[in-house]
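Chemist: Residues per chain, in single letters:
Number of protein chains: 2
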Amino acid sequence: MTSTPTAGTRPDDVRRHNRTALLRRLHVAGPCTRAALAAELGLNRSTIKALVDGLAAAGLVAERLPVQRSGAGRPSLLVLPQPHAAVVLAVDIRVEQVAMGLVGIGGEILGRCSWSLRRGASHPTEVITRVADSFRPLAEELATDVVGVGVSVPGVVRQSDGLVHEAPNLHWTGVRLGERLSAVLDLPVKVGNDAELGALAEHVRGAARDAADMVYVSADVGVGGGVISSGSALRGAGGYVGEIGHMAIRPDGRPCYCGSRGCWETEVGEAALCRALAIPEDSPRGAVVAELRELAADPEVAMRRLGEFAEWLALGLVNVVNLLGPELVVLGDLFAVLPAAVVDWVGHAVRERSLVSRAVGGTRVVTSPLGRDAKLIGAAELAFEPVLSAI
Amino acid sequence: MTSTPTAGTRPDDVRRHNRTALLRRLHVAGPCTRAALAAELGLNRSTIKALVDGLAAAGLVAERLPVQRSGAGRPSLLVLPQPHAAVVLAVDIRVEQVAMGLVGIGGEILGRCSWSLRRGASHPTEVITRVADSFRPLAEELATDVVGVGVSVPGVVRQSDGLVHEAPNLHWTGVRLGERLSAVLDLPVKVGNDAELGALAEHVRGAARDAADMVYVSADVGVGGGVISSGSALRGAGGYVGEIGHMAIRPDGRPCYCGSRGCWETEVGEAALCRALAIPEDSPRGAVVAELRELAADPEVAMRRLGEFAEWLALGLVNVVNLLGPELVVLGDLFAVLPAAVVDWVGHAVRERSLVSRAVGGTRVVTSPLGRDAKLIGAAELAFEPVLSAI
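Chain order of the listed sequences is A and B. Quick note: the first sequence, position 244, residue 244 per full-length UniProt numbering, numbers continuous. Quick note: the second sequence, position 349, residue 349 per full-length UniProt numbering, numbers continuous.
Source of the hints: derived by calculation from the structure; they are not laboratory data. Note that beta-carbon positions come from the ideal geometry of N, C-alpha and C, so glycine has one too. Incorrect hints may appear among the rest.
Unchecked claim - Just a few of them, taken from the derived set where beta-carbon distance is under 7 Å, the chain B residues facing chain A:
#, residue
1, VAL318
2, ASN322
3, LEU324
Claimed, not checked - Covered by chain A, per the in silico footprint, the following chain B stretches (three or more residues, Cβ under 8 Å):
#, stretch
4, 157-169
5, 204-210
6, 227-240
7, 353-367
Let's have the full structure, built from the sequences with the hints guiding it.
Modeler: Okay, structure coming up:
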């Protein structure tokens with residue numbers, strides 16, 4: 001759990017390193033007894049006591065007796081993170097909506113707000129201004145200092161400085177979002193690709209907690225994907241994350257705004273889902289979700305209406321699995337509302353057709369338990385990364 | 001260049017760590033002056049002298065005065081790796097051929113042999129026996145002890161124990177190749193996927209020396225790919241490497257032996273290349289290569305005959321680039337013999353159509369300078385990894 005400190009390390013550095021490891025454990029996995037912390041972090045109980053006492057004095061954790069006593073002897077105290085002690089702002093910019101949340105240590109969403117965007121007509125400046133305006137009342141209500149900001153954007157993002165290179169569904173190009181938000185909020189800001197943050201959220205708090213090799217694929221308006229490989233986020237050159245939705249899977253398919261044709265997104269994105277459901281392509285999100293929920297009741301009807309859609313979903317996933325060999329695929333956002341019969345059929349098709357799935361013992365395909373909050377939660381985790389190390 | 005040793009490290013460990021770093025530098029980048037070694041490894045000159053003296057005494061390196069003296073003052077001695085001082089056996093198992101080489105420290109191929117296989121009719125036991133039989137005379141000729149073995153296989157391989165899970169073009173499944181070869185050769189054996197080893201070779205000694213994010217794609221009979229991400233090999237769950245050739249890119253395409261349909265391999269593998277060249281699908285390799293070399297002379301004719309083939313090659317590469325965001329794609333084996341006009345056209349198409357290529361500043365597409373030796377060189381590097389740390 002805790003990595004070995006490097007040579008030349010002073011006692012202060014060791015203490016800080018162990019403190020971060022302990023705080024991260026509580027942040028990610030929740031309340032834990034001192035005894036379990038000692039065992040998990042490989043530290044002795046007196047070291048744990050000193051660390052916990054220090055964090056308690058700083059108000060970051062509290063301790064109480066566990067409700068259930070196990071066995072005889074003195075019970076080990078339960079250590080709980082104190083959500084209000086370190087709060088970050090998470091912002092999830094979508095094509096049709098912006099959602100914001102204040103998230104406390106431990107992952108609890110302490111306050112939230114959201115507003116709609118006109119599809120493809122939201123200027124970056126408008127969004128930045130509205131985020132800043134909405135932030136103040138949220139933070140005042142909570143009466144806590146916010147220590148960092150994480151932002152999720154559906155596009156090609158350079159994480160080092162928060163440059164949004166291209167967010168096609170938003171019609172944004174070359175937006176210095178990280179710098180600009182940091183200037184108006186006067187806080188450190190980290191920006192990430194939405195699907196990468198969805199993957200991070202599932203890995204830390206969702207369906208992929210025990211999966212070191214996983215892919216998160218989600219449909220909002222477009223389709224995006226994030227990859228965790230050997231426990232870490234997979235990024236390309238310059239820190240950019242891939243665009244899974246622009247895998248060309250139907251050479252004679254529809255032209256895509258990205259300049260290519262037959263992209264996966266054109267077959268399994270929101271518009272394609274609407275076509276499959278035989279409702280107008282610009283149906284409001286609520287109508288799409290309602291239609292999907294209704295279909296869930298009758299697996300046969302669901303497969304009859306969504307059979308071809310499921311075929312395209314499976315085809316793209318076979319490619320992803322053959323390229324990356326994950327043990328788990330988590331379907332997010334609109335995909336998470338697909339009828340269970342469709343998800344099961346897709347999972348079966350992937351295991352049947354993918355050579356690599358067979359090698360890794362059968363890739364599982366599941367829906368996201370975090371649903372629509374995944375990217376917001378991921379944005380909070382992105383903001384927490386530097387915060388936890390600095391405490 | 002050299003990583004910091006961990007806490008609790010003893011002086012012996014530090015010396016061993018620095019020794020490995022120095023030896024690896026000489027192995028990978030070749031002869032180097034003591035002064036340059038000191039600068040690159042961040043060590044002082046007296047430490048370098050002690051390390052080099054130790055390695056020289058063990059016969060692993062030699063020193064000589066550089067041919068050209070630069071500037072005034074005493075010239076820094078040039079340190080050269082001694083190829084015969086540490087030799088590994090590299091084995092490249094292909095669908096139609098097995099190639100073997102003894103490779104010395106520094107990467108020089110000191111001796112080699114190869115033989116043909118009947119396509120899809122080579123039993124693992126036959127190959128293992130022939131490798132063992134061919135190894136002895138090779139090693140005797142060289143009069144050197146061989147310290148390890150690396151094997152390249154065109155299939156889904158578990159690197160931890162060298163299990164070949166599925167090598168469809170060889171018709172092998174569940175072959176304990178690592179264990180079995182280790183037993184007959186009485187040497188440690190590492191087995192890797194052929195495309196992953198091609199990528200490793202290009203990264204260490206080929207076109208991708210300076211590319212931390214690259215993809216190697218090669219056509220032998222089938223099509224395989226290996227990925228270096230942030231400087232390390234990308235693997236999936238259980239250490240398995242992806243199968244890029246089984247990305248489905250033509251849903252209405254030919255059935256593939258893997259159980260899927262329209263796999264990339266069915267459009268850009270050797271058989272597809274033969275169809276594009278209008279020669280029989282089972283043409284001998286020499287005929288395919290000769291035909292390609294002839295086309296190289298006339299770019300217009302080349303594009304006319306290979307235009308559709310180039311289109312499918314570009315389509316698959318756009319997908320790979322959109323998923324992984326590499327700065328460089330290296331085309332290996334048969335792809336390395338494609339006419340320059342075709343390669344240029346494909347590179348242009350990738351940069352034009354891939355959203356992610358645009359973000360990373362334009363992914364370059366080049367042919368492998370290592371050509372047919374890439375996988376053999378990669379297998380040698382795989383064998384050298386543990387050897388260099390143990391010296």
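Chemist: Compare the structure with each hint and give your call.
Modeler: These are the hints, each one checked on the structure:
1. VAL318: holds, 6 Å
2. ASN322: holds, 5 Å
3. LEU324: Holds, about 5 Å.
4. 157-169: holds (count 4)
5. 204-210: violated (count 0)
6. 227-240: holds (count 8)
7. 353-367: holds (count 9)
When held up to the earlier numbered hints, the structure conflicts with hint 5 and nothing else.
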